[in-house]
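S.K.: Sequence:
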Amino acid sequence: MKTLIHAALFSLLSFTTLPVLAQDTPVNINEASVEILTTLPGIGAVKAQAIVDDRKANGDYKSLEDLTRVDGIGEATVANLSENATL
Numbered sequence: 005m006k007t008l009i010h011a012a013l014f015s016l017l018s019f020t021t022l023p024v025l026a027q028d029t030p031v032n033i034n035e036a037s038v039e040i041l042t043t044l045p046g047i048g049a050v051k052a053q054a055i056v057d058d059r060k061a062n063g064d065y066k067s068l069e070d071l072t073r074v075d076g077i078g079e080a081t082v083a084n085l086s087e088n089a090t091l
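To get the working numbering, take the position in the sequence shown, counting from 1, and add 4.
No lab work stands behind these hints, which were simulated from the structure alone.
Incorrect hints may appear among the rest.
[What the hints assert, rightly or not] List of simulated lysine to aspartate or glutamate pairs, DMTMM-like, C-alpha gap at most 25 angstroms:
| # | residue 1 | residue 2 |
| --- | --- | --- |
| 1 | K51 | E87 |
| 2 | K51 | D64 |
| 3 | K66 | D28 |
| 4 | K51 | E39 |
| 5 | K66 | E79 |
| 6 | K51 | D28 |
| 7 | K60 | E39 |
| 8 | K60 | D75 |
| 9 | K51 | D70 |
| 10 | K51 | E69 |
| 11 | K66 | E39 |
| 12 | K60 | D70 |
Generate the whole structure from the sequences, applying the supplied hints.
M.R.: In structure tokens:
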């Protein structure tokens with residue numbers, strides 16, 4: 005039960021502090037965890053996991069435009085990420 009409570013508290017704290025960090029520092033798409041990726045505009049948990057899975061399967065991204073190889077991420081999403089993401 006303690007583990008469940010700790011996990012719940014960690015989740016809540018992550019969602020309240022990570023967005024603040026993302027606004028100050030661009031997120032490195034090639035290194036970020038699923039949790040960090042979800043702080044980016046237009047990237048939810050499903051897309052974040054897809055980015056990590058694609059990165060593991062195909063290697064690091066060479067440009068932000070490479071993110072379009074992930075289902076559900078198009079040019080509009082990439083354009084929204086340009087100020088908040090880096091490689």
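S.K.: Against this structure, judge whether each hint is valid.
M.R.: Hint check:
no. : hint      : result
1   : K51 - E87 : holds, 18 angstroms
2   : K51 - D64 : holds, 16 angstroms
3   : K66 - D28 : holds, 23 angstroms
4   : K51 - E39 : holds, 11 angstroms
5   : K66 - E79 : holds, 15 angstroms
6   : K51 - D28 : holds, 22 angstroms
7   : K60 - E39 : holds, 16 angstroms
8   : K60 - D75 : holds, 15 angstroms
9   : K51 - D70 : holds, 14 angstroms
10  : K51 - E69 : holds, 15 angstroms
11  : K66 - E39 : holds, 22 angstroms
12  : K60 - D70 : holds, 14 angstroms
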